[in-house]
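*Asks:* Residue numbers (our numbering), protein chains in the order written: chain A, 1 to 110; chain B, 111 to 222.
Source of the hints: derived by calculation from the structure; they are not laboratory data.
Among the hints, a few may not be true.
Only pairs whose alpha carbons sit at most 27 Å apart, straight line, appear in this in silico DSSO-like list of lysine-lysine [as the list claims (entries may be wrong)]:
hint: 1; chain 1: B; residue 1: Lys124; chain 2: A; residue 2: Lys68
hint: 2; chain 1: A; residue 1: Lys41; chain 2: A; residue 2: Lys102
hint: 3; chain 1: B; residue 1: Lys208; chain 2: B; residue 2: Lys167
hint: 4; chain 1: B; residue 1: Lys167; chain 2: A; residue 2: Lys56
hint: 5; chain 1: B; residue 1: Lys208; chain 2: A; residue 2: Lys56
hint: 6; chain 1: A; residue 1: Lys41; chain 2: B; residue 2: Lys124
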Amino acid sequence: ELKVEQNPLFLSMQEGKNYTIYCNYSTTSDRLYWYRQDPGKSLESLFVLLSNGAVKQEGRLMASLDTKARLSTLHITAAVHDLSATYFCAVDQAGTALIFGKGTTLSVSS
Amino acid sequence: NAGVTQTPKFRILKIGQSMTLQCTQDMNHNYMYWYRQDPGMGLKLIYYSVGAGITDKGEVPNGYNVSRSTTEDFPLRLELAAPSQTSVYFCASSFSGKGEQYFGPGTRLTVT
Chain A
1 ELKVEQNPLF LSMQEGKNYT IYCNYSTTSD RLYWYRQDPG KSLESLFVLL SNGAVKQEGR
61 LMASLDTKAR LSTLHITAAV HDLSATYFCA VDQAGTALIF GKGTTLSVSS
Chain B
111 NAGVTQTPKF RILKIGQSMT LQCTQDMNHN YMYWYRQDPG MGLKLIYYSV GAGITDKGEV
171 PNGYNVSRST TEDFPLRLEL AAPSQTSVYF CASSFSGKGE QYFGPGTRLT VT
């Protein structure tokens, strides 16, 4: 059974500093997704990581995937208030469904 | 394109009532999914469909039923609603099983 764990679950960030969120998963998979969810809203796709060593960047966010370690990281550079949200990683299970982590809630303060 | 649409946005049910959550996508996606999200938790898969006429159970199917008569529509039926079904329900679709999933706006359901 595929399990996905994120840590930390909550992260209080200071503006301008760098942080990393970790996503570990328990069985082999070569596809991992990162989503953002604002309070009371739906999920917005951020990154799709399709192979070992994949790295994608969008603005202050950079995601990477290490399939051998079964680990993905989401790195935040110089946090700003607009990044406050909950971030989910999700791992493809046998090409039929996604298994989600519990999410990491980020709060950015000045 | 409207993408994935869901109705209703909010609903309050009494214990034992039934209802259908509607989901429609206009992207000609083969795969469609129903998830539920409980407070402070990630999404859990209820049912999914790989095409019209084909559905399968996900992680938490008990208390729900689905059908897929067309490519566009994937309704979720709740029979005999229970308080444990209070949740936010998201419908999603993707072109293939390995593709990016696109989510609808969600339905917030309360069972009292």
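*Asks:* Taking the hints in turn, state whether each one holds.
*Replies:* Results of checking the hints against the structure:
no. : hint                   : in the structure
1   : B/Lys124 with A/Lys68  : violated, 49 Å
2   : A/Lys41 with A/Lys102  : holds, 16 Å
3   : B/Lys208 with B/Lys167 : holds, 18 Å
4   : B/Lys167 with A/Lys56  : violated, 33 Å
5   : B/Lys208 with A/Lys56  : holds, 18 Å
6   : A/Lys41 with B/Lys124  : holds, 25 Å
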